[in-house]
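From first to last, the protein sequence lines are chains A and B.
Residues in the first sequence are numbered consecutively from 1, following the UniProt record's numbering.
Residues in the second sequence are numbered consecutively from 1, following the UniProt record's numbering.
FYI, nobody ran anything at the bench for these hints, they're computed from the structure.
From the three backbone atoms N, C-alpha and C, an ideal C-beta is built for every residue, glycine too.
Misleading hints may appear alongside valid ones.
Stated by the list, open to error - Each pair of labels, with its calculated beta carbon distance range:
#, chain 1, residue 1, chain 2, residue 2, range
1, B, Thr56, A, Asp26, 45 to 55 Å
2, A, Gly220, B, Pro174, 44 to 54 Å
3, B, Arg111, A, Phe332, 24 to 34 Å
4, A, Ala224, B, Ile164, 56 to 66 Å
5, A, Thr152, B, Leu287, 31 to 41 Å
6, A, Arg204, B, Leu64, 54 to 64 Å
7, A, Tyr181, B, Glu269, 33 to 43 Å
8, B, Arg185, A, Tyr181, 56 to 66 Å
9, A, Thr78, B, Ile278, 43 to 53 Å
So you can see what is in the structure, the chains are spelled out below.
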Amino acid sequence: MSDLSRRIAGLVLLGAALALPLALEDFWLQLGLFVMATMVGAVGLTLLVGVAGQLSLGHAAFAAIGAYVYVWATSEATPTLAGAGLPAVAGLVLAVAMAALIGLLFSPVASRLRGIYLGLATLGLVFVVRHLLLNLDDWTGGFTGRSVEPFTIAGFSFSNRDPDYLAVAGVEFEGLHRLWYLFLVLTLLACWLGANLRTSRTGRAWANVRDSETAAAAMGIAVARHKASAFVVSSGYAGLAGAMLALAYGRLAPDVFTLLVSVDFLVMIVIGGLGSIGGAMVGALFVTALPLVLTQYSDVLPFLAAPGSGGLDPATLSRMLYGLAIIAVLVFLRGGLAGAFRRLRGGNAPTAASGAPDDTGGTPPTPPTDPDHPVGAQPVSSKETAR
Amino acid sequence: MSYFLTQVLNGLSFGLVLSLIAAGFAIVFTSTGVLNFAHGSVVLAGAYLVAVTQPTIGFWPAVLVGILGAALIGVLINALLVRNLADPNPGTAAILMLGVDILLLTELTRRIGNRVLPLGAPWGADVVRFGGISLPTGRVLAAVLAVVVFAGLWFMFSRTRVGIGMRAAAADGPTASLMGIRLSRTGATGWALAGVLAALAGIFLTSFPSPGVVPSVALSAFLAIPAWVLGGFDSVPGAVLGGLVIGLVTALTVGYERELHFLGAGFGEVVPYLVMIIVLLVRPQGLLGSKEAVRV
Chain A
1 MSDLSRRIAG LVLLGAALAL PLALEDFWLQ LGLFVMATMV GAVGLTLLVG VAGQLSLGHA
61 AFAAIGAYVY VWATSEATPT LAGAGLPAVA GLVLAVAMAA LIGLLFSPVA SRLRGIYLGL
121 ATLGLVFVVR HLLLNLDDWT GGFTGRSVEP FTIAGFSFSN RDPDYLAVAG VEFEGLHRLW
181 YLFLVLTLLA CWLGANLRTS RTGRAWANVR DSETAAAAMG IAVARHKASA FVVSSGYAGL
241 AGAMLALAYG RLAPDVFTLL VSVDFLVMIV IGGLGSIGGA MVGALFVTAL PLVLTQYSDV
301 LPFLAAPGSG GLDPATLSRM LYGLAIIAVL VFLRGGLAGA FRRLRGGNAP TAASGAPDDT
361 GGTPPTPPTD PDHPVGAQPV SSKETAR
Chain B
1 MSYFLTQVLN GLSFGLVLSL IAAGFAIVFT STGVLNFAHG SVVLAGAYLV AVTQPTIGFW
61 PAVLVGILGA ALIGVLINAL LVRNLADPNP GTAAILMLGV DILLLTELTR RIGNRVLPLG
121 APWGADVVRF GGISLPTGRV LAAVLAVVVF AGLWFMFSRT RVGIGMRAAA ADGPTASLMG
181 IRLSRTGATG WALAGVLAAL AGIFLTSFPS PGVVPSVALS AFLAIPAWVL GGFDSVPGAV
241 LGGLVIGLVT ALTVGYEREL HFLGAGFGEV VPYLVMIIVL LVRPQGLLGS KEAVRV
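Build the full structure now, drawing on both the sequences and the hints.
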C-alpha cells in the first residue's frame with residue numbers, strides 16, 4: 001500500500017472511531033472500552049514477543065500491578081483501604097511507572113533468559129502477584145477487590161456525573177462516551193509510540209537481538225540491556241492497559257488478572273501477526289470481542305444452548321473458536337493476519353521494501369539456520385532451531 | 001515428629017506424581033523442542049478416558065485405554081500440528097500448544113460439566129499405616145509405580161536402541177539424522193512416552209485423596225512446570241529431582257501454614273513458583289540441565 005492510501009485508510013478508521021460512539025448502544029460502548037484497553041496491552045506485548053523475541057506469560061501480572069496502583073493512587077484513603085487521593089492523570093502515570101519499575105526489578109531474570117525460558121519464569125510472576133493481591137488486603141481489598149474512582153481532569157469527570165449533562169449540538173455525551181474518547185486518545189498514543197519505537201534505533205536493536213544474540217553482540221548491541229529494556233517497556237504498556245481495564249470494569253478483583261489473561265494477550269499478538277502493531281490491534285479486537293458478542297447474541301444464534309444446560313453454551317463455543325483460531329493461524333497463516341495482509345497486498349515475491357524495518361516484524365523470529373555458525377558449534381541453538 | 005514425617009512422605013509421594021508430569025515436559029522438549037502447554041489437558045484426557053470406560057470394561061482395561069489414548073493424543077498433536085507449523089520455532093510452537101490446550105480443555109470441561117467422575121480405582125480410599133504415619137494407598141502405589149517407571153526410563157535411555165537414538169536426536173538432530181536416526185520417529189516416540197506418563201499421573205491425581213476427575217486436574221500440570229524448570233529443561237533425572245523438591249516444599253508449607261501465616265494465606269500455592277524464579281535467577285539452566293552454550 002502506498003503511503004497515501006495507507007494514510008487515507010488510517011484517517012477513515014480514525015473517523016469511524018470518532019463517530020461510532022454516537023451511534024452505538026451501551027453494550028458496544030463497553031465492548032469498545034475493553035477492546036481498546038487490551039489493544040494497549042497487546043501492543044506492549046508484541047514489542048516484547050514479536051520484536052524482541054522474548055516470550056512472556058506474565059503480562060497479566062503487570063496489568064494487575066498497573067490497575068491496582070492506579071486505583072490506590074486515585075482513591076481517597078478509607079479506614080479499611082489505603083489510598084493516596086492523587087489526581088487521575090498522576091495515577092495513570094504512576095501506574096505505568098510502577099509496572100515498568102517492577103519489570104525493571106524482574107529484568108535480571110529477563111535479561112539472562114531467552115525466549116521460552118523467560119516465558120516460564122514469567123509464568124511464576126502471575127501466581128506470585130495473585131498471591132499478593134489476595135493477601136495485601138489493606139491495599140487491594142483482598143478477594144473482593146475494590147472499586148475504581150471515575151477518571152477526572154480538572155473537575156471534568158469521565159462518568160455520568162460532573163457535569164451531569166453534557167451535550168454538543170444536541171448529542172448527549174454520557175460517561176461511556178466520554179471514556180471512549182479518553183481511551184481512544186490513550187490507545188492512539190500507545191500505538192503511535194509503539195510503531196515509532198519499533199522502527200527506532202532501540203526497536204531495530206531488539207529485532208537484532210531476536211534474530212541472533214551473537215550477531216547483535218558483534219554489532220555492538222548490549223544484548224542483556226536490550227532484553228531488559230524490551231521487558232521494561234512491555235511492562236509499562238501492560239501497566240497502562242491494566243489501569244484502562246480498571247476504568248472500564250469500574251471494580252477490580254484478583255480474578256480479573258488470571259493466567260488466562262496472559263494467554264489472551266499472547267493469542268492476540270499471534271493471531272494478528274507477531275511484531276505487527278496493527279496486527280496486535282486486530283488480534284485484540286477479535287479476542288476481546290468474540291466471547292462478549294457471542295454471549296450477548298446467544299439467544300439469537302440457533303445452535304447455542306443456555307449456559308449450564310450441557311449443550312454448547314456461548315462461553316464454550318467462543319473458547320473453541322478461539323483455540324481453533326490460534327491453531328489455524330499458526331499452521332496456515334505464516335506471520336498471522338498481518339503477514340497474510342502483506343502477502344495479499346504485495347504478492348508472494350518479496351518486494352523491494354522487504355529490507356525496510358516495516359517488514360521485519362512479519363519475518364520469522366528465528367531463522368532456520370544461522371549462517372554464521374555451523375550447526376555443530378552451537379549445541380543449544382541448534383537444538384532449538386533445527387526442528 | 002510423626003506429623004513432620006507424614007508431611008514429608010506426603011510431599012515426596014505427591015512430588016513423584018509431579019515428576020511423572022515434569023518428565024513428560026522434559027521428554028517432549030528434548031525430542032521435539034516444544035514447550036508443551038497442552039500437557040495438562042493430556043493428563044486430564046488420560047484420567048477422563050479411564051473414568052468413562054471403567055464402568056463398562058473394568059478398571060485395569062480402562063487404565064490401558066487411558067494410557068493408549070493419552071499417548072495417541074500426543075502423537076497426533078505432534079504429527080498433525082507441530083510438524084505442520086507454518087513458522088517452526090520454539091516460541092510459536094509454545095503458543096500453538098496453548099491453543100491446543102484451550103481446545104482440549106474446553107471440550108473435556110464441556111463433557112465433564114459439573115460432575116465429578118469417580119475413577120473406580122480398586123485401592124479406593126484405603127490408607128496404609130505404619131509407625132504412627134498414615135498415607136493414602138494410592139499415594140504409596142503412585143510412589144512405587146513412579147520409581148518403577150523411572151527405572152524403566154533409565155533403562156530405555158541408556159540401554160535400548162530406541163532410547164539411545166532419542167538421546168542422539170536430542171543432542172544433535174541433524175547429525176543424528178545423518179547417522180540414520182529418523183527424527184520423525186524419535187519425535188513421535190517422545191510424544192507417546194509423555195502421553196503415557198501423563199495418563200499415569202492423571203490416574204493418581206484423580207484417585208483418593210482427590211474426589212475424582214474434575215477439569216481443574218489439568219491445572220496440576222502447571223505445578224509440574226516449576227518442577228521441570230527446577231530440574232533443568234532437558235533432563236529427565238532433573239525432572240524427578242525437581243518434582244521431589246516441589247512436592248516436599250509444597251507439602252511442608254501447606255502442612256505448617258499456621259506457623260507461616262505471616263507469608264499470607266494460601267502461600268503453599270505460590271511457593272513452587274517462587275522457588276522456580278529464585279532458581280532461574282541463580283542457575284538459569286536448572287539444577288541438572290546442560291548449560292547454555294551461547295554466552296553473549
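query = Which of the listed hints are not met by the structure?
reply = 2, 4, 5, 9
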